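*Asks:* Each chain is listed here by its residues.
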Amino acid sequence: MEVFEVVRPGFFTTIQDKGRYGYQQYGVPVSGAMDSYAHVLSNLLLGNDDGKACLEITLLGPCLQVLRDTAVALTGADLSPTLNDCPLPMWEGVEVSSGDTISFGSQRKGCRSYLSVVGGIDVSPVMGSRSTYVRSRLGGLDGRPLQAGDRLHSSDSRGNLPLKRLPPQCIPLYSTEHRLRVVLGPQDDYFTEKGIQTFLGSQYVISAQADRMGCRLEGPSVEHKAGADIISDGIPPGAVQVPGDGLPIIMLADRQTTGGYVKIAAVITIDLPELAQAELGEIVRFSAVTEDEAYRLATEYEQSIDRLRQRGR
Amino acid sequence: MPVEPRRQAMMYERPRFLPGGDRALFIELGDTIDPELNRRVRRLLLTIQEAALPGLVEVVPAYRSLLVYYEPRQIRRRELRARLDDLIHESLTAELARPKVTEIPVAYGGEYGPDLGAVADHNRLSPEEVVRLHTGATYLIYMMGFIPGFAYLGGMSPRIATPRLPTPRTAIPAGSVGIAGSQTGIYPAESPAGWQVIGRTPVELFHPRRQPPALLQMGDYVRFVPVSDEEFHVIKKKVGQGTYKMEETPVTQEDESGGL
Numbered sequence: 019m020e021v022f023e024v025v026r027p028g029f030f031t032t033i034q035d036k037g038r039y040g041y042q043q044y045g046v047p048v049s050g051a052m053d054s055y056a057h058v059l060s061n062l063l064l065g066n067d068d069g070k071a072c073l074e075i076t077l078l079g080p081c082l083q084v085l086r087d088t089a090v091a092l093t094g095a096d097l098s099p100t101l102n103d104c105p106l107p108m109w110e111g112v113e114v115s116s117g118d119t120i121s122f123g124s125q126r127k128g129c130r131s132y133l134s135v136v137g138g139i140d141v142s143p144v145m146g147s148r149s150t151y152v153r154s155r156l157g158g159l160d161g162r163p164l165q166a167g168d169r170l171h172s173s174d175s176r177g178n179l180p181l182k183r184l185p186p187q188c189i190p191l192y193s194t195e196h197r198l199r200v201v202l203g204p205q206d207d208y209f210t211e212k213g214i215q216t217f218l219g220s221q222y223v224i225s226a227q228a229d230r231m232g233c234r235l236e237g238p239s240v241e242h243k244a245g246a247d248i249i250s251d252g253i254p255p256g257a258v259q260v261p262g263d264g265l266p267i268i269m270l271a272d273r274q275t276t277g278g279y280v281k282i283a284a285v286i287t288i289d290l291p292e293l294a295q296a297e298l299g300e301i302v303r304f305s306a307v308t309e310d311e312a313y314r315l316a317t318e319y320e321q322s323i324d325r326l327r328q329r330g331r
Numbered sequence: 009m010p011v012e013p014r015r016q017a018m019m020y021e022r023p024r025f026l027p028g029g030d031r032a033l034f035i036e037l038g039d040t041i042d043p044e045l046n047r048r049v050r051r052l053l054l055t056i057q058e059a060a061l062p063g064l065v066e067v068v069p070a071y072r073s074l075l076v077y078y079e080p081r082q083i084r085r086r087e088l089r090a091r092l093d094d095l096i097h098e099s100l101t102a103e104l105a106r107p108k109v110t111e112i113p114v115a116y117g118g119e120y121g122p123d124l125g126a127v128a129d130h131n132r133l134s135p136e137e138v139v140r141l142h143t144g145a146t147y148l149i150y151m152m153g154f155i156p157g158f159a160y161l162g163g164m165s166p167r168i169a170t171p172r173l174p175t176p177r178t179a180i181p182a183g184s185v186g187i188a189g190s191q192t193g194i195y196p197a198e199s200p201a202g203w204q205v206i207g208r209t210p211v212e213l214f215h216p217r218r219q220p221p222a223l224l225q226m227g228d229y230v231r232f233v234p235v236s237d238e239e240f241h242v243i244k245k246k247v248g249q250g251t252y253k254m255e256e257t258p259v260t261q262e263d264e265s266g267g268l
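If you read the sequences in order, they're chains A and B.
Just so we're aligned, residue 19 is where the first sequence starts under the working numbering, counting upward by one.
Just so we're aligned, residue 9 is where the second sequence starts under the working numbering, counting upward by one.
To be clear, the hints were calculated from the coordinates, so they are not data collected in a lab.
Among the hints, erroneous ones may be present.
[To be verified] Quick list of simulated restraints, FRET-style, between CB atoms:
(1) A:Asp67 - B:Leu104: 32 to 42 Å
(2) B:Gly125 - A:Arg169: 49 to 59 Å
(3) A:Gln328 - B:Ile83: 21 to 31 Å
(4) B:Leu104 - A:Thr119: 53 to 63 Å
(5) B:Glu98 - A:Gln83: 55 to 65 Å
(6) A:Arg86 - B:Pro176: 39 to 49 Å
Keep in mind it's a predicted model, so treat the numbers as computed, not measured.
Don't be surprised by glycine CBs; every beta carbon is placed ideally from N, CA and C.
Just chain A, same shape as in the assembly:
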């Protein structure tokens, strides 16, 4: 069923779900929501299964006309959302009616907002996912960002009961300094001890070269032992590549599946949402955790999402 007409598309609005898994062996990137936490929450707030597709809205939001009575939930960055010119509350389910207008204003905090609708945004899945991968024009709406005049559909099933109230501690406070926890490796042995110290002890700044594929940082150069090239291998989410210039690049949702630069570490996945909301010029610091610690943090996170899901049942 039609749910939104796009009046203005915004700067870069795409359809994203949890990502496209199982096709990296053919060179197809995972894609999916950059801020996986905000994406999951936007679904749980409506009682959707957490894999439903939503709109990922970047910096400058769209203007959407609502085409039928339903409910929406908006999470992630605060881009001054409005419903019929009144502030649209975030991090909760909001009833909307046919004829309403959802719009956005100036960017207040964070970079990416997630707008879910009951039943999820429905497009025909490509390789098992509705996520848009713009570089190869895959998924979403013809593999591209939204355009004026697009009409978006939603499925009409609400899987579960919506989450009534979100505990306040579940709403992230986006700061301008970001501490990212990493697991060192797979190629930390390609760096000098000094290089590792520089990486873990320095302050880096988010450069202008930051998009869905990766985030290039500026700051002190990380010293290699001998060269930055390896025999190409897979690139896990959050992998920190360090090319010849010694400046780290954090590989994100649309990262290529394989690459030949050394990877000093990988940011743990629960810290990637923080990076998805980080703006140009903001500060990043890395700290190392062990694999066991990273495993414990990942499972704790999953359990906390499970608890929220249970509340909705």
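Since the structure of chain A is provided, determine the placement of chain B on it from the hints.
*Replies:* Positioned in the frame of chain A, the structure of chain B alone reads:
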């Protein structure tokens, strides 16, 4: 037990498990680009896929390593590692399917291959000799990756190796066949590239609605076959209609040794 690989030294005695963040781990089998090592990767890939481990999300095979994605809630990292250790052992006897050679028709030179002349000049060859050397080899597909449908090929004659362009082109068409250093490859989609483009194929290397979506597969082989401008258009039309049949032959020993 299988026959011991010829070049044992290039493989680690014990595979290395390396961290890949909190949801993936690397298994590295060696540190070189070598067909036998690459077969070990494929044997392990097959064995892992057949084992259907709970919590396993996907495996990304490469030249000499595999990146295993898993769901931490469904399988403990230590348990996964133990299971993978068993599978590494099992994989030594895994039987791989007989590889095939896929013929890729290529129109060389002219508008299809603007850098054919430059590759010839760089190597003090005639354009015809470059084409002969490029089509004379059988290339092993070591891995897929980089962009959808892109094959990392091995086996190009060093006599046509050519450095990348000093300034990359902003766009080369889908199907462009190029040389970068000692590597050759086919661009599945229009893309910016610094490769020396020597020709173009009309076949589709990647189609999202096809299963599998990539035309080529790791472990198989590729041979380039020169076609005329006219043939290029005939094939392109057939590809568009979905009636083009790729030429595929079982691999011979000569192919496996490179065909040169």
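*Asks:* Against this structure, judge whether each hint is valid.
*Replies:* Going down the list of hints, with the structure as the test:
no. : hint                            : in the structure
1   : A:Asp67 - B:Leu104: 32 to 42 Å  : holds, 38 Å
2   : B:Gly125 - A:Arg169: 49 to 59 Å : holds, 50 Å
3   : A:Gln328 - B:Ile83: 21 to 31 Å  : holds, 22 Å
4   : B:Leu104 - A:Thr119: 53 to 63 Å : holds, 59 Å
5   : B:Glu98 - A:Gln83: 55 to 65 Å   : holds, 58 Å
6   : A:Arg86 - B:Pro176: 39 to 49 Å  : holds, 48 Å
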